[in-house]
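Quick note, the sequences are listed as chains R and P, same order.
Each residue of the first sequence is one higher than the one before, counting from 25 in my numbering.
Each residue of the second sequence is one higher than the one before, counting from 96 in my numbering.
There could be a bad hint or two in this list.
To be verified - Derived lysine-lysine pairs resembling DSS-like cross-links, with alpha carbons at most 25 angstroms apart: (1) R:Lys-428 to P:Lys-149; (2) P:Lys-160 to P:Lys-205; (3) R:Lys-49 to P:Lys-127; (4) P:Lys-205 to R:Lys-45; (5) R:Lys-270 to R:Lys-192; (6) R:Lys-425 to P:Lys-127; (7) R:Lys-190 to R:Lys-111; (8) R:Lys-49 to R:Lys-137; (9) P:Lys-127 to P:Lys-160; (10) P:Lys-127 to R:Lys-428; (11) P:Lys-224 to P:Lys-160; (12) R:Lys-218 to R:Lys-137; (13) R:Lys-271 to R:Lys-137; (14) R:Lys-344 to R:Lys-265; (15) P:Lys-149 to P:Lys-205; (16) R:Lys-428 to P:Lys-160; (17) R:Lys-289 to R:Lys-45; (18) P:Lys-224 to R:Lys-425; (19) R:Lys-138 to R:Lys-218; (20) R:Lys-235 to R:Lys-190; (21) P:Lys-221 to P:Lys-160.
Please keep in mind that the hints were generated in silico from the structure rather than gathered at the bench.
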Amino acid sequence: MVQSSLDIQTIRKDFPILNRKVNGKPLVYLDNAATSQTPQQVIDAIVEYYHGYNANIHRGVHTLSQEATDAYEAARHKIQHHFSIAKSHEVILTSGTTHSINLVANGFSSFLKKGDEILVSAMEHHSNIVPWQMLCERTGGVLKVIPMNQNGELIMEEYHALLSEKTKLVFCNHVSNALGTINPIEEIIEAAHKVGAAVLIDGAQAAAHIKPDLQALDVDFYTVSAHKMCGPTGVGILYGKEEWLKKLPPYQGGGEMIEEVTFEKTTYADLPHKFEAGTPNICGGIAFGAALDYMNSIGFEAIAQYEDELIRYATDELLKIDGLRIYGTAAQKTSVISFNIEGIHPYDIGTILDKLGIAVRTGHHCAQPIMDFYQIPGTVRASFSFYNTKEEVDVLVEGVKRSKNMLA
Amino acid sequence: MTITEIQEEIVDEFSMFDDWMQRYEYMIELGKSLPLIEEQYKTDDNIIKGCQSKVWVHAELDNDKLVFTADSDAIITKGIIAILIRAFSNQKPQDIIDSDTEFIDEIGLKEHLSPTRANGLVSMVKQLKLYAIAYQTQLN
Chain R
25 MVQSSLDIQT
35 IRKDFPILNR
45 KVNGKPLVYL
55 DNAATSQTPQ
65 QVIDAIVEYY
75 HGYNANIHRG
85 VHTLSQEATD
95 AYEAARHKIQ
105 HHFSIAKSHE
115 VILTSGTTHS
125 INLVANGFSS
135 FLKKGDEILV
145 SAMEHHSNIV
155 PWQMLCERTG
165 GVLKVIPMNQ
175 NGELIMEEYH
185 ALLSEKTKLV
195 FCNHVSNALG
205 TINPIEEIIE
215 AAHKVGAAVL
225 IDGAQAAAHI
235 KPDLQALDVD
245 FYTVSAHKMC
255 GPTGVGILYG
265 KEEWLKKLPP
275 YQGGGEMIEE
285 VTFEKTTYAD
295 LPHKFEAGTP
305 NICGGIAFGA
315 ALDYMNSIGF
325 EAIAQYEDEL
335 IRYATDELLK
345 IDGLRIYGTA
355 AQKTSVISFN
365 IEGIHPYDIG
375 TILDKLGIAV
385 RTGHHCAQPI
395 MDFYQIPGTV
405 RASFSFYNTK
415 EEVDVLVEGV
425 KRSKNMLA
Chain P
96 MTITEIQEEI
106 VDEFSMFDDW
116 MQRYEYMIEL
126 GKSLPLIEEQ
136 YKTDDNIIKG
146 CQSKVWVHAE
156 LDNDKLVFTA
166 DSDAIITKGI
176 IAILIRAFSN
186 QKPQDIIDSD
196 TEFIDEIGLK
206 EHLSPTRANG
216 LVSMVKQLKL
226 YAIAYQTQLN
């Protein structure tokens with residue numbers, strides 16, 4: 025039974041979209057790993073910005089510009105405190121995780137020499153593989169993969185064996201989007217630092233479930249996308265240790281990132297503006313701050329506990345279905361269940377579930393190497409959030425049974 | 096039968112059902128009667144791009160008519176391509192080029208017609224028509 029301190033029915037009232045119907049059925053939204061839904065409090069922050077103080081920031085002397093600048097910088101401070109970051113200028117606001125990763129990968133092209141190695145985990149999203157491949161192509165660096173076992177856990181002995189003085193950067197997601205595995209990032213970071221390698225952790229899937237203390241982790245870089253944690257799309261962060269951000273060259277040229285420009289030479293602005301060329305997603309940044317306020321008002325401990333109960337219940341119920349296999353059975357995992365039913369294509373199940381009002385993701389989840397590892401075309405992925413209920417799990421399980429009857 | 100007549104026949108068959116489940120079950124049933132593509136043609140070149148599941152289509156001329164065979168690893172997709180092939184196979188390429196696909200809407204599968212839909216019905220129709228254009232050029 026799911027018992028929790030959270031009052032889910034009250035929480036659900038904060039999310040207007042959860043009232044809608046899809047194909048005549050009440051929406052059961054289980055695609056939270058792709059993007060989370062937006063509470064009224066965040067929608068209000070967006071509306072208030074456009075109603076009240078929409079202006080460009082950091083330049084204007086007029087009142088609106090000052091108000092917008094204050095709100096945007098207040099959001100940066102909220103992000104700083106939420107992730108336990110030492111200095112606010114270590115928070116670079118980006119368009120999201122992909123942008124953040126590319127910023128680091130691009131910067132490392134000035135450090136990497138031929139034969140230097142970058143380690144990435146075997147359970148990465150495509151956006152976490154391609155920038156490093158491009159970096160290696162440019163620099164002659166070598167990309168090496170930390171393998172995983174059948175449960176979807178990284179094989180840590182192999183990781184330690186791969187580390188050497190050639191390793192310049194280790195890249196790994198905190199939580200796998202396709203499998204839900206929580207990776208042992210403390211151990212990964214500590215071991216990498218012993219050989220002098222930097223570590224970039226992609227927190228896109230983790231941040232909605234775990235509140236990481238980035239200083240305690242001693243991680244060099246950490247990335248987050250707001251839209252996976254009740255915020256809007258198109259905004260996220262790159263956290264970087266000050267020493268690294270000072271070393272990295274600017275990523276894009278433009279307004280805001282310069283201190284002085286003549287045709288002979290440009291000097292770059294201080295952090296964080298050096299990496300924030302052009303007019304940023306001002307409203308998005310402010311709404312990201314509102315999303316953090318919202319999630320913290322519920323409390324990450326309560327969220328984690330409730331989601332854990334929910335996923336255990338869902339796992340138990342789904343496994344009662346004959347022929348159903350779950351991919352990603354790590355001891356440490358968050359609210360993702362990736363599964364298939366023997367002999368049925370995941371796309372078929374997803375199509376029938378959609379007719380029943382249930383939103384899941386089907387396909388390779390932009391993590392084709394994982395699918396190749398299990399030798400499957402894809403999976404059905406149900407991913408949960410704190411606003412999902414046990415009753416919705418029951419609807420999912422019934423839907424999967426019904427799909428199986430139709431399709432088998 | 097002309098393409099229009101076959102399409103009307105399919106629309107008639109689907110009109111017997113009152114809910115989506117029966118329509119989908121019938122579509123899955125139609126998938127089972129799909130003229131299957133020969134294994135040798137199940138190559139990457141014959142896979143239709145834009146589908147989440149794999150769909151292979153092959154076309155060849157039988158006198159002046161174009162004959163399609165296909166397969167898919169997902170059975171709903173197999174049903175969709177079976178319906179399309181039933182409407183367009185054994186027809187003259189020019190007739191295929193001139194035909195439309197509004198009957199898909201009429202049989203209650205409208206949601207599959209969206210160009211962004213991951214099942215790629217639009218890509219399938221486009222591929223069948225591309226074959227027709229290619230063979231029409233050959234006939235000229």
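Here is how each hint holds up against the structure:
As the CA atoms of R:Lys-428 and P:Lys-149 are separated by approximately 20 angstroms, the hinted pair is consistent with the 25 angstroms bound. This hinted pair does not check out: P:Lys-160 and P:Lys-205 have alpha carbons roughly 28 angstroms apart, beyond 25 angstroms. Proposed proximity of R:Lys-49 and P:Lys-127 is contradicted: the alpha carbons are some 29 angstroms apart, above 25 angstroms. For the suggested pair P:Lys-205 and R:Lys-45, the alpha carbons sit about 18 angstroms apart, so the restraint of at most 25 angstroms is met.
Only pairs whose Cα atoms come within 25 angstroms are accepted, and R:Lys-270 paired with R:Lys-192 is accepted, the gap being roughly 17 angstroms. For the hint linking R:Lys-425 to P:Lys-127, the alpha-carbon distance of about 22 angstroms falls within 25 angstroms, and the restraint holds. For the given pair, R:Lys-190 sits about 30 angstroms from R:Lys-111 by alpha-carbon distance, which is inconsistent with the 25 angstroms threshold. Between R:Lys-49 and R:Lys-137 the CA atoms are separated by roughly 57 angstroms; this puts the pair beyond 25 angstroms, and the hint is violated.
Our distance criterion of 25 angstroms between C-alpha atoms is met by P:Lys-127 and P:Lys-160, whose separation comes to about 23 angstroms. A C-alpha spacing of about 17 angstroms is found between P:Lys-127 and R:Lys-428, which places the hinted pair at or below 25 angstroms, so the restraint holds. Between P:Lys-224 and P:Lys-160 the alpha-carbon distance is near 13 angstroms, which keeps this suggested pair within the 25 angstroms criterion. Proximity of R:Lys-218 to R:Lys-137 is assessed by CA-CA distance (about 20 angstroms); at most 25 angstroms being required, the pair is judged to hold.
Distance restraint check for R:Lys-271 and R:Lys-137: the Cα-Cα separation of roughly 16 angstroms lies within the 25 angstroms cut-off, and the hinted pair is therefore satisfied. Of the supplied pair hints, the one linking R:Lys-344 and R:Lys-265 is violated, its CA atoms being roughly 47 angstroms apart against a limit of 25 angstroms. Distance check on the hinted pair: P:Lys-149 and P:Lys-205 sit about 21 angstroms apart at the alpha-carbon level, within 25 angstroms; holds. Of the supplied pair hints, the one linking R:Lys-428 and P:Lys-160 is violated, its CA atoms being roughly 39 angstroms apart against a limit of 25 angstroms.
A distance of roughly 58 angstroms separates the Cα atoms of R:Lys-289 and R:Lys-45; the hinted pair therefore is violated under the 25 angstroms criterion. Note on P:Lys-224 and R:Lys-425: the hinted pairing is violated, with a Cα-Cα distance of about 38 angstroms set against a maximum of 25 angstroms. A hinted pair counts as satisfied when its Cα atoms are at most 25 angstroms apart, and R:Lys-138 with R:Lys-218 qualifies at roughly 22 angstroms. For a cut-off of 25 angstroms, the pair hint linking R:Lys-235 to R:Lys-190 is broken: about 32 angstroms separates their Cα positions.
At most 25 angstroms may separate the alpha-carbon atoms for a hinted pair to count; P:Lys-221 and P:Lys-160 meet this at roughly 18 angstroms.
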